[in-house]
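Visitor: Hey, can you piece these two chains together into the complex? The hints should help.
Those sequence lines, one after another, are chains A and B. Residue numbers are given in my numbering: position 216 of the first sequence equals residue 216, and the series is strictly consecutive. Residue numbers are given in my numbering: position 320 of the second sequence equals residue 320, and the series is strictly consecutive.
FYI, nobody ran anything at the bench for these hints, they're computed from the structure. Computed from a prediction, not measured in an experiment: that's the story for all the values here. Do not rely on the hints blindly, as some may be mistaken.
As the list claims (entries may be wrong) - Mimicking BS3-like on lysine-lysine, the simulated pairs with C-alpha atoms at most 25 Å apart in a straight line are:
no., chain 1, residue 1, chain 2, residue 2
1, B, LYS39, A, LYS266
2, A, LYS266, B, LYS266
3, A, LYS248, B, LYS266
4, A, LYS248, A, LYS261
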Amino acid sequence: MTAPILEVDGLRKHFPIRKGLLLREVGQVKAVDGVSFAVQPGETLGLVGESGCGKSTLGRTLVRLYEPTAGSIRYRGEDFLAVSGERLRTMRRSLQMIFQDPFASLDPRMTIARILAEPFKVHDICSPRECQERAAALLETVGLKAAHLNRYPHEFSGGQRQRISIARAIALNPDLVIADEPVSALDVSIQAQILNLMKDLQQEFALTYIFISHDLSVIDHFCDRIAVMYLGKIIEMAPREELFGNPKHPYTQALIDAIPKVGQGKRRMKQALTGEVPSPINPPSGCHFHPRCPQRFDGCDRGFPALREERRDHFVACKLYSDAVDDDVIFRSTGT
Amino acid sequence: MPESAPRDTVLKVEDLQTTFHTRIGPVRAVNGVSYSIGKGETLGVVGESGCGKSVTAFSLMRLIEPPGEVSGGAVWLGDENILEVSEERMRELRGSRMAIIFQEPMTAFNPVLTIGYQMDEQITRHLGVSRQESRERAIEMLSLVGIPAPTERYGSYPHQLSGGMRQRAMIAMALSCDPEFLIADEPTTALDVTIQGQILELIQSLQERLSMAVQFITHDLGVISEISDRVLVMYGGRTCEVAPTDVLMSTPQHPYTSALIQSIPKFGQRVARLPAIEGTVPSLYELPAGCPFQNRCPNVGRRCREVHPPLTEVARGHQVACFYPVGP
Numbered sequence: 001m002t003a004p005i006l007e008v009d010g011l012r013k014h015f016p017i018r019k020g021l022l023l024r025e026v027g028q029v030k031a032v033d034g035v036s037f038a039v040q041p042g043e044t045l046g047l048v049g050e051s052g053c054g055k056s057t058l059g060r061t062l063v064r065l066y067e068p069t070a071g072s073i074r075y076r077g078e079d080f081l082a083v084s085g086e087r088l089r090t091m092r093r094s095l096q097m098i099f100q101d102p103f104a105s106l107d108p109r110m111t112i113a114r115i116l117a118e119p120f121k122v123h124d125i126c127s128p129r130e131c132q133e134r135a136a137a138l139l140e141t142v143g144l145k146a147a148h149l150n151r152y153p154h155e156f157s158g159g160q161r162q163r164i165s166i167a168r169a170i171a172l173n174p175d176l177v178i179a180d181e182p183v184s185a186l187d188v189s190i191q192a193q194i195l196n197l198m199k200d201l202q203q204e205f206a207l208t209y210i211f212i213s214h215d216l217s218v219i220d221h222f223c224d225r226i227a228v229m230y231l232g233k234i235i236e237m238a239p240r241e242e243l244f245g246n247p248k249h250p251y252t253q254a255l256i257d258a259i260p261k262v263g264q265g266k267r268r269m270k271q272a273l274t275g276e277v278p279s280p281i282n283p284p285s286g287c288h289f290h291p292r293c294p295q296r297f298d299g300c301d302r303g304f305p306a307l308r309e310e311r312r313d314h315f316v317a318c319k320l321y322s323d324a325v326d327d328d329v330i331f332r333s334t335g336t
Numbered sequence: 001m002p003e004s005a006p007r008d009t010v011l012k013v014e015d016l017q018t019t020f021h022t023r024i025g026p027v028r029a030v031n032g033v034s035y036s037i038g039k040g041e042t043l044g045v046v047g048e049s050g051c052g053k054s055v056t057a058f059s060l061m062r063l064i065e066p067p068g069e070v071s072g073g074a075v076w077l078g079d080e081n082i083l084e085v086s087e088e089r090m091r092e093l094r095g096s097r098m099a100i101i102f103q104e105p106m107t108a109f110n111p112v113l114t115i116g117y118q119m120d121e122q123i124t125r126h127l128g129v130s131r132q133e134s135r136e137r138a139i140e141m142l143s144l145v146g147i148p149a150p151t152e153r154y155g156s157y158p159h160q161l162s163g164g165m166r167q168r169a170m171i172a173m174a175l176s177c178d179p180e181f182l183i184a185d186e187p188t189t190a191l192d193v194t195i196q197g198q199i200l201e202l203i204q205s206l207q208e209r210l211s212m213a214v215q216f217i218t219h220d221l222g223v224i225s226e227i228s229d230r231v232l233v234m235y236g237g238r239t240c241e242v243a244p245t246d247v248l249m250s251t252p253q254h255p256y257t258s259a260l261i262q263s264i265p266k267f268g269q270r271v272a273r274l275p276a277i278e279g280t281v282p283s284l285y286e287l288p289a290g291c292p293f294q295n296r297c298p299n300v301g302r303r304c305r306e307v308h309p310p311l312t313e314v315a316r317g318h319q320v321a322c323f324y325p326v327g328p
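Here chain B stands alone, though its shape is the one from the complex (with noise of 0.2 Å):
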């Protein structure tokens, strides 16, 4: 596959698949997804729920459990394919050269030990500073993602804080051992707009300063827009298109793609009737064969009911998975 990402690749994941062994049987929650970020990119990652998305980052972290297991594929983070070293190699990388933040803060922080003795233990494993060293980095990342007063914050339990704050102390905490790669697992969805833009923001210049690649995920096309340099958009455990930000807003192929953006309410552009996307989101368990979107696409052919279409390049850094795609 023709390299795109004209930066220093620091993640490359290829044909990842991750499959939930359920009592009706295997669903494949992610199916053959392949990409890679730059140093200093961010990927956004859109789709609506059950595509696969968060899946596929906890595919990254090795975070799926059982009944769910990650069934094939590579993921590279450097020399090294993560899904095959040992869990105690794993445990070294994670928080360390790769680090995740949720949308739920409270999933992230342990509710009865202090935000600074989590912080502590994170450090202290990974740059094997002493106690003291450890207490000045980790007061130094609160102060960094704009937490007033840090230092008597580093002595308060999660629940002391607020929404908006929670989110920024596990920003600090994910990011305080400089990690190469961090998964953002819809960050902003629960917060307030005027929240989003703070968070957003200390997430940029975050990532300016330790030039970090970041997988930013999200369902909001409005954010996906202003914070990433490419988009991937999934659908039922596939790629459907992969492009450059303003190419993919501007001249998607990709039938879902281009309906999507359509069917959203764009501020200051107000159209008397939104053209909507009939039907729902398929389930995972009850997936045809071929493309996930034929009962929902306008363009929909005989081959998109038989086989799945492969994601194939239509311009420099521009891939989509369709037979019969939309015009420019």
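With the rest of the complex left out, here is chain A (with noise of 0.2 Å):
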């Protein structure tokens, strides 16, 4: 096996809760709590969960947008968190992200001219003259034309800002570009352009994704390897056939059963799953899904248990498969 591009270790981002005059902090929210994978080059890790998971503040995470609070995270090997300065700009052309909502992520009042422009500019990579053909260049990739360069965001479509915000994305080549739900703003009919365009790029420029979603069947469709999460840590990971095919984590399998498969005719739907996705301030003990869990019994309260191998490749999260509990977590628990 190649070397990985991206591996995560143990990583956390714990957000402050202030109150008061003095703004006192009085707790934490856990939105990402002990997560480790590693990315292998050429691949779309997806990463899919409901809202409050955290998939989205590791996303953000894995960019430095947010600093963590604990973990590392080494990118071709490099420790990503130990640079700054010029090394850390240099590092970032090659970590890229698209955001979900493509009104929310193009300035206004820029042209698109200028928003392509900003990466060459920032990154001080050629003459103003020469950004602009690169600029006209990149929107021809994406499957716009170069007589869109002077007109304003407001003046495009959903789909075609979000191809807009692609071309910003793979302006400057990058290696690795982290999608956090890139299509679920869009009309139906224009999810699949944008994601065929997503293919494409990934082929043309040997891109590597980390893709984040809340929809399965675009998971389904996307990835080749699936991490699901569920208040903040990772509960189940392994390649897309395998994960589908034989889940294991009683999270998983009632996630894929909630999802409304077409054309299957009119069901009665059952109640996979009762009560909600608790709050990420105070997760319940032990495994974090257990109130909810439909195959608890007696001791899933205590411990978070350990993501381990249970087949080849195929990472679980859950006291069904082995006793074994996050040490981490123990540790934790004793000491505060």
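Guide: Structure, rendered in structure tokens:
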């Protein structure tokens, strides 16, 4: 196996909750709470989970839009959290991000030409004249016309804007692109266009993707390997066919069962899961999922189960399969 | 028009037209839509943003405000054309015989009044019961929709509930007077998939209990496929196709329906490339003459650019508005 492009180990991002006149810290939102995984060059890793599970925070922490609370991120073997200044800027060229809302991610007062020239300017790569040429070429790469360069974002539809965001993300020839719900805000008939474009670009530029989505049908279509998150932790991770063909964690099973499937006829919905995702401020003890779990048993409320390789490349964190607990969590809960 | 729904018709919409008078000129958001829904039946209405599916719903409830107006057609609820009844009568109908639930429950609740107060207001008005009876009814409804501790929640403000619970409370309020007809306008779009399953299950079980006619509006073909008996597909303010759900999903005849179904990723059926529909959804300001789908349609012919194809019955209960439909 080749060396991974990205290695994440024990990553945490906790946000303080401050209250009162002195803004004393009264608690923490543990948005990402001890996540470890590696990404191989050229693959697409899907991050899936419900709102509040920490998938977007994880995406942003990976490019240091948020500084992590603990853990390590290694990019091509180099410690990404240790670098700063010029080296950080250079490394950031290789790590780009696409956001969900193409209406919020493009500055409404900038023309498309300026938006697309910005990455070149920031990284001082070429002359203003060459910037324009490159911007025009980028637009054509993502299926728009060079004639659109002097327009403003509001003149474009949602799908076209997402194309512009993608053009900006690939401007500096990145290796790794983190796409946070890139098609969720788009009309159904436009989603397929954007997914196809992203696949074409992956082929053309040998991109590696981390693809964040709540939509399992999109994840199933787009990703090679999938990590399922629940309340700040990865609870299952496996190659796509293995995960969907042989889901092990009761939460993954419930998620798959809840996907509305096209063309299988009217069905009486059955309630797979009761209750809602608990608050990440004060997650349930033990396995965070146990209060909603249909298969919970004695002991699920003590110690978070460790993410262990159950079969080749198939990791699951559930006491149905192993008694091992995440030592780190025990250490922390006794420590405080 | 032959009546395809074998059950008792609860609602019948005939040639509905809704126009918004804008500075650029009149915009037809709904342009001649007709359908009916039977007792206990769920009609799914599917389409992309701007296709007129929500405006249709608002037109039925007479919630369109200037500069918009319902500019033509009829909506029969029983033997009354609700587009012609007085505002007074309309207030009696809304909430008692017809109700609507929205995507965002905060738009349905007043944030400064308790949930119980708002439910009481509706129940006492429509059912003419005492305060005490109305309170009992409200708490019963809250418990029926699966809200834990309904007696306490009766005194809660909307913001004190989570998204899924608010959605349940809104459903409880909408159904508190046993309406015959319910419009659900993207009620699960803002919810997580496991919560979505819970809410769909709730709507289905309440529908069975009350044998309501339900008009379920969504852009999600998966949800439509699992919850509706029949589906109506809208594009550019018009009906493209109406058919029983399994017929529509397996043998769609309108090129738009067919392309839409093919273009979405389907769970467990992986393809290397999604057959995307090229182009964008046209703005209602610049709809071409003739069929609104013409510029994205693989089957387009000269006639399509001149006249809008009429909705024609191709099989029992299956109607298509297209000159060159896709073969089965």
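Visitor: Report the numbers of all earlier hints that the structure fails to satisfy, in ascending order.
Guide: Result: no hint breaks.
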